[in-house]
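Q: This is what each chain is made of:
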Amino acid sequence: MPDVLRTIALMWQLQTTTLANRLIYYAQRLPLIGGKVSDRAYAAVRTKRFVGVAAVVLLILGGLLESFLYIGMMLALPVNVWADEWAVGERRALFLHMYFCITVLMAAVSSAKVLEPSKMKYTAIRLMRIAPTRFMRAVLIHRYTTFFLYQAVAMTVIGGGLGITAIQALLLVGAVTLWRVVSEWLHLALFRRKGTILVKKTGIIILVMLIALAAAYLPLLSLRAMPLFGAAVLGWPVLLALLLAGVVAGYALLRKTDFTAPVRAATKHDDPLLNVEQMIAESQQRSIRAKESDLNEVRELPLHDMVGRGAQKQGYAYIQEVFIARHSSLIRAPFRKRLGAIGVIGLVLVCVALLFGDTLDMATIERYVPFVLLAMFYLTMGDQLCKVFFYHCDMSMMRYSFYRKDASQHFRLRLGRLLRMNALIGTWLAAVLSVFVLIVSGGTVTSLLPAIWVLTLALTVFFSVHHLILYYLLQPYTTELNTKNPFFILLNSIVSASFLVTMMLGPTPWLFTIVVAALSIAYGLSAAPLVSRYAERRFRVR
Amino acid sequence: MELVLQNLTKSFGQKDVLVGADFRFEQGKIYGLLGRNGAGKTTLFNCLGGEMPVDGGSMKLVDGKRERDLQADDVGYVYSLPMLPEFLTGYEFIRFFVDVNKAAIAGRGDDIGALFDMMRIAEEDRHKLIKQYSHGMKNKLQMLLFLLMKPPVILLDEPLTSFDVIIALEMKQLLREMKGDHVLIFSTHILQLAADLCDELVVLSGGKLSRVSTELLNHPDVEQQVIELLSEETESGAGTSGNGLERSATGKGRDDAGRA
Numbered sequence: 001m002p003d004v005l006r007t008i009a010l011m012w013q014l015q016t017t018t019l020a021n022r023l024i025y026y027a028q029r030l031p032l033i034g035g036k037v038s039d040r041a042y043a044a045v046r047t048k049r050f051v052g053v054a055a056v057v058l059l060i061l062g063g064l065l066e067s068f069l070y071i072g073m074m075l076a077l078p079v080n081v082w083a084d085e086w087a088v089g090e091r092r093a094l095f096l097h098m099y100f101c102i103t104v105l106m107a108a109v110s111s112a113k114v115l116e117p118s119k120m121k122y123t124a125i126r127l128m129r130i131a132p133t134r135f136m137r138a139v140l141i142h143r144y145t146t147f148f149l150y151q152a153v154a155m156t157v158i159g160g161g162l163g164i165t166a167i168q169a170l171l172l173v174g175a176v177t178l179w180r181v182v183s184e185w186l187h188l189a190l191f192r193r194k195g196t197i198l199v200k201k202t203g204i205i206i207l208v209m210l211i212a213l214a215a216a217y218l219p220l221l222s223l224r225a226m227p228l229f230g231a232a233v234l235g236w237p238v239l240l241a242l243l244l245a246g247v248v249a250g251y252a253l254l255r256k257t258d259f260t261a262p263v264r265a266a267t268k269h270d271d272p273l274l275n276v277e278q279m280i281a282e283s284q285q286r287s288i289r290a291k292e293s294d295l296n297e298v299r300e301l302p303l304h305d306m307v308g309r310g311a312q313k314q315g316y317a318y319i320q321e322v323f324i325a326r327h328s329s330l331i332r333a334p335f336r337k338r339l340g341a342i343g344v345i346g347l348v349l350v351c352v353a354l355l356f357g358d359t360l361d362m363a364t365i366e367r368y369v370p371f372v373l374l375a376m377f378y379l380t381m382g383d384q385l386c387k388v389f390f391y392h393c394d395m396s397m398m399r400y401s402f403y404r405k406d407a408s409q410h411f412r413l414r415l416g417r418l419l420r421m422n423a424l425i426g427t428w429l430a431a432v433l434s435v436f437v438l439i440v441s442g443g444t445v446t447s448l449l450p451a452i453w454v455l456t457l458a459l460t461v462f463f464s465v466h467h468l469i470l471y472y473l474l475q476p477y478t479t480e481l482n483t484k485n486p487f488f489i490l491l492n493s494i495v496s497a498s499f500l501v502t503m504m505l506g507p508t509p510w511l512f513t514i515v516v517a518a519l520s521i522a523y524g525l526s527a528a529p530l531v532s533r534y535a536e537r538r539f540r541v542r
Numbered sequence: 001m002e003l004v005l006q007n008l009t010k011s012f013g014q015k016d017v018l019v020g021a022d023f024r025f026e027q028g029k030i031y032g033l034l035g036r037n038g039a040g041k042t043t044l045f046n047c048l049g050g051e052m053p054v055d056g057g058s059m060k061l062v063d064g065k066r067e068r069d070l071q072a073d074d075v076g077y078v079y080s081l082p083m084l085p086e087f088l089t090g091y092e093f094i095r096f097f098v099d100v101n102k103a104a105i106a107g108r109g110d111d112i113g114a115l116f117d118m119m120r121i122a123e124e125d126r127h128k129l130i131k132q133y134s135h136g137m138k139n140k141l142q143m144l145l146f147l148l149m150k151p152p153v154i155l156l157d158e159p160l161t162s163f164d165v166i167i168a169l170e171m172k173q174l175l176r177e178m179k180g181d182h183v184l185i186f187s188t189h190i191l192q193l194a195a196d197l198c199d200e201l202v203v204l205s206g207g208k209l210s211r212v213s214t215e216l217l218n219h220p221d222v223e224q225q226v227i228e229l230l231s232e233e234t235e236s237g238a239g240t241s242g243n244g245l246e247r248s249a250t251g252k253g254r255d256d257a258g259r260a
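Protein sequence lines, in the order shown, are assigned to chains X and W. Under this note's numbering, the residues of the first sequence are numbered 1 to 542, in order. Under this note's numbering, the residues of the second sequence are numbered 1 to 260, in order.
By construction, these hints were calculated from the structure, which means they are not laboratory data. Even for Gly, the Cβ is constructed at its ideal location relative to N, Cα and C. Please note that the accuracy of each hint is not assured.
[To be verified] Some chain W residues well away from chain X (every beta-carbon gap over 12 Å; in silico):
#	residue
1	Gly38
2	Lys65
3	Arg66
4	Arg108
5	Asp117
[To be verified] Taking lysine-lysine and the DSBU-like style, the derived pairs with C-alpha atoms no more than 30 Å apart in a straight line are:
#	chain 1	residue 1	chain 2	residue 2
6	W	Lys128	W	Lys138
7	X	Lys405	W	Lys150
8	X	Lys337	W	Lys131
9	W	Lys60	W	Lys29
10	W	Lys102	X	Lys405
11	X	Lys113	X	Lys200
Generate coordinates for the entire structure from the input sequences, incorporating the hints supplied.
A: Rendered as structure tokens:
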């Protein structure tokens, strides 16, 4: 056991050193104090020890915060916001059902430490040559001790609001923790029998996640027909069985298991999962990779005298025309896909309206109007278009001072193009939602319909301006398409947080529409002056 | 016309890259900028091209008694990896460039075909996508922009490194033809090329710029001599005259020491 404890201490040391280095790195980039933190801080052992202590505190607080965020935001908040009219017993049952679906079912498949590739595992086993079995035992003890402690605290505090006592919370989290130990053993057994590393089967993991999340959250949509099986399963007999099975599995893992083969399989040097940043960058580049066939469009444009589609235009208008013609699969195809997705959403909504029309009323639908914001955020083309412009045009052109100086000109042209595309998407979404509303209302035209139309059109303006203006003023992309600008991340987080707050507040459709329209108008009017003032300096390759 | 750099400083955190660099570059000459890896050649170019601000000092264009601060528009920059929009053909790109820079180009863009001829870019290549161009063709296209814009200063970052002998010869001829109207500075690691093409060699070392004496430049053993100079520079931190380098504030009052 002292060996295991020493290994845990080593893991903490590794983690805190990494975090301390990262803190120093980011502290150097802070506006006022950044200049005072020199590169020597990396070598200053005493300073680092101090930063290391701060890092340990941050790691513990981070672990606690993660549990509080999960149980609070993903479970308790939706229950309290969307099921506030349910009786306390029903809400508790819904809460337990969601906890069961996500922590017991989904995480047992998607998250297992024994076969998970991680940088820490690679460093410890391949570089520092720690014995795999000793390392994995330490990892499992550390993982599930902290899992239990963090979740028990969060469950006791948050579950109290739903009538869950401290003893019940401890027992529940204890049983779930031990179930997760069982799931580790099951992952290992599957690997031994079939050679399958389940956590790397992305397709299966995504499917399980979708099913589990749907099972967890569907009862929120007032679909009382959906049984809360999670709550039923988490009764006394099952909890006791989980406790017992967990103890047996824990004993087997900590005393009888040789982890050498599974750990070797999970720490292959070329595993892309070990370098998540690179994997994300590569997948982003894939999403905006041009097809050779697109560029063949060049043949359709008569070259010598330029009398083709772009010929009437000059300068920036001309290259925009040519650019769009030659990047069809990256611009027109995603646009069509979005229109198709809205069509599918429409079909699903029509089916829901026809099947559950009796249980749905206008008041319920009105509460979900803020979701239009979420839909428009994902369906509008701004993000995709900015990445395509950056990677295939601006990355090279930004090097020319004339191009940066003329930022206002190409900004206006692109905004016009983006507005047209997003307006079509918004109009199609509003039409689809109108059909759904009309079916539910039995053909009666209510005040909700104009609200939806004004809202989607306002959001069209908002998201067109939002993505493009951030691109021109902050230029967040690196040549590898990573997003490293902290202000860009901060601003996008603020926008996302405001979505969440809006959904929690549940404003009336018209109030929500008026606020969004006012914001969109203000955003739209400020765009041109901001770009003409700042873009020349800021629109460049980082 | 001259490009005069005085007391240029640039640091990244604790690392001082330029520490009071002075130099006077004259129009009509090709300057070869030499320096070891990490000496700060690209940083100097980026500062001159307005890609990054300097921390201190001045960069001025002096024409007789008139002088003014160097602007980003005054500098044409040929990158070692050419930066061009690959979705356009060479011809389309030049047409676009002429369209959006009409005022600065004046009448020089009226006959694009003649410009392509001057750059020795074949008729059929002009209408190919830039994506299909070789490295050399891309650099030629970038050089063509300078024929249009006529920037007083042209910077070339490792321009001839990856060319075959024919293209390299063409580029050398082009640079010689162009030098009358510009201050031409190119950075390179290839000493032979620098000695062959340049009117003057400038060494960037220890954050300062130093002229290599003309006597040394004509020395048959120039390569070995410059290597020794660079090694000495690194060891002593800052160069001194007496080793073939002249570090004079702005080139005024220098005497060609040439004690190689």
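Q: Confirm or reject each hint.
A: How the hints compare with the structure:
| no. | hint | in the structure |
| --- | --- | --- |
| 1 | Gly38 | holds (15 Å) |
| 2 | Lys65 | holds (27 Å) |
| 3 | Arg66 | holds (22 Å) |
| 4 | Arg108 | holds (15 Å) |
| 5 | Asp117 | holds (15 Å) |
| 6 | W/Lys128 with W/Lys138 | holds (12 Å) |
| 7 | X/Lys405 with W/Lys150 | holds (18 Å) |
| 8 | X/Lys337 with W/Lys131 | holds (28 Å) |
| 9 | W/Lys60 with W/Lys29 | holds (17 Å) |
| 10 | W/Lys102 with X/Lys405 | holds (14 Å) |
| 11 | X/Lys113 with X/Lys200 | holds (12 Å) |
Figure legend: structure checked against the earlier numbered hints; every hint is met.
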